[in-house]
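Given the sequences, and given the hints that come with them, work out the whole structure.
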Amino acid sequence: MHIPDGYLSLQTTIPVLAGMVPVWAVAFRKVKKTLSSKRIPALALCAAFSFLIMMFNVPVAGGSSGHAVGAVFIAILLGPWAATISVSMALLIQALVFGDGGIISFGINCLNMAVVMPFTGYYLYKLIAGKSKLGSSRNLVGTFIGSYVGLNIAAIFAGFELGIQPLLFKAANGTPLYSPYPLSVSIPSMALAHTVFAGPLEGIVTTAAIAYIIKFAPQLFGQNQPILADEPAVLSFKKYKAILISLAVLVVLTPIGLLATGTAWGEWGTDEIKDKLGYIPKGFAAMADKWHALIPDYSLPALGVSRVGTTLGYILSAVVGIVLISGLIILTSKLILRAQKGNK
Amino acid sequence: MITEQKNTLFKLDSIAFAYSEKEPVLNDLSLEIFEGERISILGANGCGKTTLLKILSGLIFPQSGEFTAFGDKIEQKNFSDKFSKVYHRKIGFIFQDSDIQLFCSTVYEELAFGPLQFGLSQELVKQRINETAQMLDIEHLLEKTPYKLSSGEKKKVAIASVLILNPDVLILDEPTSSLDPRSQSWLLRLLHTLGDAGKTLIFATHNLNLVPEVSDRAVLFDEDHNIAADMLVMELLKDEELLKRVNLVDDNYHACL
Amino acid sequence: MTEQRNNIYSDIPAWLLEKNLYNDMEASASKTHFIRKTLKHISEVFENELFCEKFAGKPLFLQSIDPRVKLLTLIFYMVLSSFTSNIVVLLILAVIPLLYAKLSGLELKDYIRRSWLYIPVLVLVFSIPGVTSLFVKGSPLVTVLRPGVMGLQSGLYFSMNGIEVALRIALRAGISLSFGFLLLLTTRWSKITSALALMHVPLLFISVLNMAYRYIFVISAMACDMMEARYLRTVGKLDTSDNRRFMGHSVAHMFIKSHYLSEEIYDAMRCRGFTGRPVSCDKFKVKGTDIFFIINNVIIVLILIAGEHLF
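Chains as they are written, first to last, in this note's numbering: chain A, 1 to 344; chain B, 1 to 257; chain C, 1 to 311.
Between beta-carbon pairs, the in silico distance windows are:
#1 C:R36 - B:S14: 53 to 61 Å
#2 B:E35 - C:G57: 44 to 52 Å
#3 C:G57 - B:K82: 35 to 43 Å
#4 B:E123 - C:V95: 39 to 47 Å
#5 B:S177 - C:P129: 57 to 65 Å
#6 A:R29 - C:L141: 50 to 58 Å
#7 C:R36 - A:V196: 18 to 26 Å
#8 B:E123 - C:G288: 20 to 28 Å
#9 B:E143 - C:I75: 23 to 31 Å
#10 B:K238 - A:G135: 48 to 56 Å
#11 B:S177 - A:I330: 52 to 60 Å
Listing some non-contacts, in silico: residues in chain A with all C-beta distances to chain C over 12 Å:
#12 G79
#13 V116
#14 L124
#15 K126
#16 I128
#17 A129
#18 G130
#19 K131
#20 K133
#21 S137
#22 R138
#23 V141
#24 I145
#25 A191
#26 L192
#27 V196
Hints in this document: simulated from the structure, not taken from any laboratory. Model, not experiment: these values are computed from the prediction. All C-beta atoms, glycine included, are put in the ideal place defined by N, C-alpha and C.
Below, the structure is given as structure tokens:
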């Protein structure tokens, strides 16, 4: 369910990422209140642990194998907020270190697997298990259904996010710019894969794990005592201010990107700007003219206006661009290395 | 031998501790430890040595009885963050499993962790790290990641991370376990030096060979978690009957003194 | 001496002292495939770390850029790749990290394998059904089914548009990965997280993240031992459901162990003065070279935007 970069538009990923920031802040605060004072290493270990669960290959019917997410497992043991933090961190490390799940789509992956999944799974578990005894069959059935349904709902979310892409983001001629599958395909296919394969796996692994812990380490269930009173309040809105503001700016900016469905922002010609804003900013017009002067539109005049000439012009411009960029990078590298030697 | 006027550092007065109600770990235990002493706490596995060390280092608190350290009565309710910092600065605890103790990303950060927590200035921290690393010969490890070191190197780093705070009391849980012979003898020499410098050293171990090397006094636990003996090390090692009774030696043991 | 030996062995059942050779190990191989796969995954964790250590410490090009500057620059390139839908610009964006990698002393072959040969290929394959004429219209380029076959009125074909869509997604995935690996391979993990801390990500978050990263290795080693033990003990065939239950139990067992570990670690932290407020010691200064780096990348981005306008 890890969505790599490329499938989703920035207009989807960035607002979700921004929306995740307050969620994480709340999660940290909640966890500090409910988990015992040993929370810091406990959170870290849970994160490491959920990272590892995603590494565990489990056989699935039909000879293939998949992996569980474990979000509901952590939610049942330590509460859904703790699961949000640990699964998010596991996803961050996976994205940065292994490239599993994109970096830009990190927020989306967290929404699906670290928020939707533990919360739906946990509350469903609570609803079914009620006040039944730990390890009783009703309790274990609740565990199974909670983790099974939690994973599926997360998958449907992912399907939805993928499915809205061709609806919202297409080029002028109707070609999708991101994921091409419409909702009518993406949701059923995600749902099918998870109800039949990944879901039962998640359910069985979670239930077996919970049953094992009830049997061998029941004390782990009673440990969510309130923390000591003299805790310093490390978290406050102030701490997040800098990130929140910068993300807010991005959120404000994304609708501008939305306006541009059909053309990416760089492609805006002055005519389009005129259409959209009703006038052409003077500076922009001047800039655009200068660009045209520098590299004339579509073809270099020397090559003529024939079809071959246009194509050649394309290629030549691309080559010039690459050479220019390479030159810059190499130059930077040389200078920086020299400066470093100079320091020593 | 001149009898010195010794200051009491720790005083335990019939304390008790249990992790769960059914299994008391320590029961009605009384013990006094003096400044500058080198003391071994002996007993088979699971006799409560580690629990005692954790009480001494202020990590857990006895559920009954009285515990005094450095002249203050130690209780959970008056063990505030501020008090805790002062207390932990005086006592260095070296865990049996170095992996537990090393939680930072590099050895450098590992050494810096304690001093920074105690609010030392950046320059002083830097200077101390360099000096400590030099003393323990781990300068070449500073940029490395702790988990990738050998167990001997890990132990050195763990010790360095504690010594950098210059504690008055050093508590070591099974210090030589998982060390190769060369690291072992290095550690023993270091402990000698520290003892001579006037540090109070407290060991927990079930390795009898180590005891005469590092300590003068021995406190012996039996398998029912009670103190079976509290005497000079030399006397204890001669009492093979006693050692057999507390399961520290078996019939195959031959005292090699 | 011999007598004493026999004495010791007398409690051990005779079968344990016998030597034997098993020839039926083969049978178990297929049924424990998932364990081998898990072990392989876990060993990749370690391999990856060693790989990073090998390059991140070298005093080369990207390694000497301030991690904050590097982080922001590389993320900016990723964002740019998400913004643009121009194949040529995407292709150039794919080349840029290769140049950076080469100049920073990375082994290109391995770098390309990591960033391009797995996820982007997968992404491309998964996109193929989605970019047929069923979803993306256009003038036919490659015809799969002629019109009318299998009840499809207009047939099934790939258009230039469709192929572009698939390429675009795969290119973006690969570009994002390339820049991500570029960051990771030229920056120590601890530097990345201190950069985050200096960018006002709360310290509590950073210290949990750092510890999580470190404990992945501790728990991985634990899991490895467990899996290996199981792998070596498995003789003959096992039920799929048995295997699943075993994985469930392993997960639980690891949880219990790591929970205990976390309490001990907290104690160790308290012993060194920790009271819940993490302190960091890293201080970076943006140097002249960093500013130069930023300026050059801004120029590159401007060239790309100009390119976008052109094509």
